Amino acid sequence: DAKTTQPPSMDCAEGRAANLPCNHSTISGNEYVYWYRQIHSQGPQYIIHGLKNNETNEMASLIITEDRKSSTLILPHATLRDTAVYYCIVSRNYGGSQGNLIFGKGTKLSVKP
Amino acid sequence: NAGVTQTPKFQVLKTGQSMTLQCAQDMNHEYMSWYRQDPGMGLRLIHYSVGAGITDQGEVPNGYNVSRSTTEDFPLRLLSAAPSQTSVYFCASRNRGKNTGELFFGEGSRLTVL
Numbered sequence: 013d014a015k016t017t018q019p020p021s022m023d024c025a026e027g028r029a030a031n032l033p034c035n036h037s038t039i040s041g042n043e044y045v046y047w048y049r050q051i052h053s054q055g056p057q058y059i060i061h062g063l064k065n066n067e068t069n070e071m072a073s074l075i076i077t078e079d080r081k082s083s084t085l086i087l088p089h090a091t092l093r094d095t096a097v098y099y100c101i102v103s104r105n106y107g108g109s110q111g112n113l114i115f116g117k118g119t120k121l122s123v124k125p
Numbered sequence: 684n685a686g687v688t689q690t691p692k693f694q695v696l697k698t699g700q701s702m703t704l705q706c707a708q709d710m711n712h713e714y715m716s717w718y719r720q721d722p723g724m725g726l727r728l729i730h731y732s733v734g735a736g737i738t739d740q741g742e743v744p745n746g747y748n749v750s751r752s753t754t755e756d757f758p759l760r761l762l763s764a765a766p767s768q769t770s771v772y773f774c775a776s777r778n779r780g781k782n783t784g785e786l787f788f789g790e791g792s793r794l795t796v797l
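From first to last, the protein sequence lines stand for chains A and B. Numbers 13 to 125, taken from the working numbering, label the letters of the first sequence in order. Numbers 684 to 797, taken from the working numbering, label the letters of the second sequence in order.
These are computed hints drawn from the structure, not numbers from a lab. All of these numbers come straight from a predicted model, not from anything done at the bench. For glycine and all other residues, C-beta sits at the position ideal for the given N, C-alpha and C. It is possible that some hints are incorrect.
Covered by chain B, according to a simulated footprint, are these stretches of chain A (three or more residues, beta-carbon under 8 Å) [to be verified]:
| # | segment |
| --- | --- |
| 1 | 70-77 |
| 2 | 111-125 |
The calculated lysine-lysine pairs, modelled on DSSO-like cross-linking and capped at a C-alpha distance of 27 Å, are [claimed, not checked]:
| # | chain 1 | residue 1 | chain 2 | residue 2 |
| --- | --- | --- | --- | --- |
| 3 | A | Lys117 | A | Lys15 |
| 4 | A | Lys81 | A | Lys15 |
| 5 | A | Lys124 | B | Lys692 |
| 6 | A | Lys15 | A | Lys120 |
| 7 | A | Lys117 | A | Lys81 |
| 8 | A | Lys120 | B | Lys692 |
Sample of chain B residues facing chain A (criterion: CB under 8 Å; computed from the structure) [to be verified]:
| # | residue |
| --- | --- |
| 9 | Ser716 |
| 10 | Asp721 |
| 11 | Gly725 |
| 12 | Val743 |
Chain B on its own, in the form it takes in the complex (with noise of 0.2 Å):
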């Protein structure tokens, strides 16, 4: 199995322009999702989905948008980045269920706005 895989591992983009970070599972997880984390900080939460079809904003969802047509994927799209959004993005998954407790997380993705 590959696990979570994200890309790409590194982008630089110029303030406005759009990208979407990619993340792909193929655990057959219900839940996923995605995280921003800058420098000296932990993680927070951007916007999460518990199955296809269904999504919801987290701590910081301003600036992303989500979707989630399939299980496998959850894409998290940049509309008109900002520099603002320079951080290393991590996207996660997991089984629902009672007491499952372990979150899958992928490399991160490094994303710089100029």
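Bound conformation, chain A alone (with noise of 0.2 Å):
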């Protein structure tokens, strides 16, 4: 599976859009990108994935690149409660067949008042 870079970590403005970036230079065809947060001690949640059209759900949107090297998941109004670890992993997914995840350090996302 390809390896991802993430910034250690970022701040952001509440009420503020919270852009988080990843470059995945190594990508594959059959590999997606998945978005992972962790806020405090708990287990990760997920937020999106997507292969290589830009994906939005209820809670973020993520933005790949046309070249699918780099990726940008966006928190459209950052709150207090987003400040969290936030996890970008590129796996494969193809016929039924999903590789394990697996996580990086990540970007401690510290949103502020």
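Build the complex from these two chains, which are given one at a time in their own frames, with help from the hints.
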């Protein structure tokens, strides 16, 4: 599975959009981009995933570049409760077989009032 | 639905003791896995299972055993606990199948080995 690179930490003002970048330059054609977050010491929580098209759900938007070598997770209106570690993961998903999710160190997002 | 349930939530062991961390899910998920998380680190995959009777090793399997006799349960056994196994352990499950994406996690089991 391809490796990802994320900044170790970011700050965001409450109410503003939080844009979390992720580089995955070695991603292959059958690999998806997944985003999870971990609030304090809780179990990680799924946010969103995508292959090559941009995706949006009630939590966030995922923008994947055309060459698929990087992506950005967007929290449109960050709140204090969005303070967490955000993990970008690349893993295969084809033919009914999804690869294991290998977590890196992620980005610690601090939302400030 | 209870989701993924882990027991115990907290445990203190002495070096050399054995114990089993329990994980149960009620979502009929085929895939289950165990991760450990050390302070300031991401999660590392210990073992995983794609269905009853099938298990495989992850990134850091040494010192741990697993079995999968039912779809619902995936216990993690520490055979002879060592201080290096002090960690928070997370169990997770998901459906197999294309484009499922979401891995459901338990609340974690915090283990201290003295």
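Hints, verified against the model:
1. 70-77: Not satisfied, violated; 0 residues make the cut.
2. 111-125: holds (count 7)
3. A/Lys117 to A/Lys15: Holds, because 12 Å separates the two Cα atoms, which is no more than 27 Å.
4. A/Lys81 to A/Lys15: holds, 11 Å
5. A/Lys124 to B/Lys692: violated, 31 Å
6. A/Lys15 to A/Lys120: Roughly 18 Å between the alpha carbons, so the hint for lysine 15 of chain A and lysine 120 of chain A holds.
7. A/Lys117 to A/Lys81: Holds, at about 19 Å.
8. A/Lys120 to B/Lys692: holds, 25 Å
9. Ser716: Holds - the Cβ of serine 716 of chain B comes within 8 Å of chain A, reaching about 7 Å at its closest.
10. Asp721: violated, 11 Å
11. Gly725: Status holds, d = 4 Å.
12. Val743: violated, 11 Å
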